[in-house]
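Novice: Input sequences plus hints: build the corresponding full structure.
Heads up, the sequence shown is in my numbering, so the first residue is 906 and it goes up one at a time.
A couple of the hints might just be wrong.
[Unchecked claim] What follows is a set of in silico ranges between Cβ atoms, one per label pair, in the way DEER data are often shown:
#	residue 1	residue 2	range
1	R1169	L1048	51 to 57 Å
2	R1169	I1204	49 to 55 Å
3	G1008	Y985	33 to 39 Å
Since the hints were made in silico from the structure, they are not lab data.
Quick reminder that beta carbons are idealized off the backbone N, C-alpha and C, glycines included.
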Amino acid sequence: METYIRFDWAMKRLLRNKANFVVLEGLLTTLLREKITIKHLLESESNQEDEFDKYNRVDLLALNSRQELVIIEVQNNTEYAYFQRMLFGTSKLVTEYINRGEGYSNVRKVYSVNIVYFDLGHGRDFVYHGKTEFRGLHEHDVLELSPFQRQTFHVDTVSQLYPEYYILKVADFTREAKTPLEEWMYYLNTGIVPENATAPGLDEVRERLKVDRMSKDERTAYYRHMDNIVILRDNIATGRMEGRFEGMAEGLEKGRAEGLEKGRAEGLEKGRAEGLEEGRAEGRTEGRIEGEREKALEIARRLKSRGLPAETVAEATGLSVGEVAAL
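Specialist: Given below as structure tokens:
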């Protein structure tokens, strides 16, 4: 099976060439589910090509045929504030690409496509889409555009005016590729294009991004990059494992303490309930015995008042002769 240049390396070295725009267009068309044509690439301040910047993001800023801005970022290293970084990136583009004095109607639409190789957030999916909507606090309806706004801005919803975010969690994709987007995810993760892949852009990957087409120096630099990525992934995996074990130990200790406390509380509650029930039972028994004795004494008094001998009264009531004599 052919092995192809990994996407993050291609972003740095190859996809800036206009002849290779078709690869990026294929990814964006597959992801956004509409035909995307890149007009040209714009300058971006964080395009790193130095070997020592191997863990930094690689981003590429494009302008499509509708004058919309598309920023594509690849992030290999863990960054806990990456969500805020996404927000900063889109906000910066919005303000940079509007001239002073222009009306707000000229604010550009921005798509932020983030290809991340680390564990970002917590979720079960491997591709996420974020957009802005306004919902009523009382009626729970979605705020819509007026007919005039739809006609003026050529969009159907308010969310289409705001930046949209896509997060491709590459390392979380472990399934068989069955859809065009999954075919792209498989390539992004492994550097291998599925044999029967039909997703837009992947044919061009097969044609233009073969490792064996690189020069010797390019292959040396590329393999060094791949080694660095493997080391980075091992570090991340080790950190996760250590964190998991530490978490398990803390959880076990906390669980034991909570279990002991809960056991004590449950035992106390159960003891109280059992004691109350036993006390009630004993009380009922003692009350019944006491009631029967009082009844026997009352009968004995009556029999004795009629002049019956103490022995006869004792035999009839179950009392002793002494108890009868004392009445």
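Novice: Does each hint hold? Answer for all of them.
Specialist: Structure-based check of all given hints:
1. R1169 / L1048: 51 to 57 Å: Given range 51 to 57 Å: holds, Cβ gap about 54 Å.
2. R1169 / I1204: 49 to 55 Å: holds (52 Å)
3. G1008 / Y985: 33 to 39 Å: Given range 33 to 39 Å: holds, Cβ gap about 38 Å.
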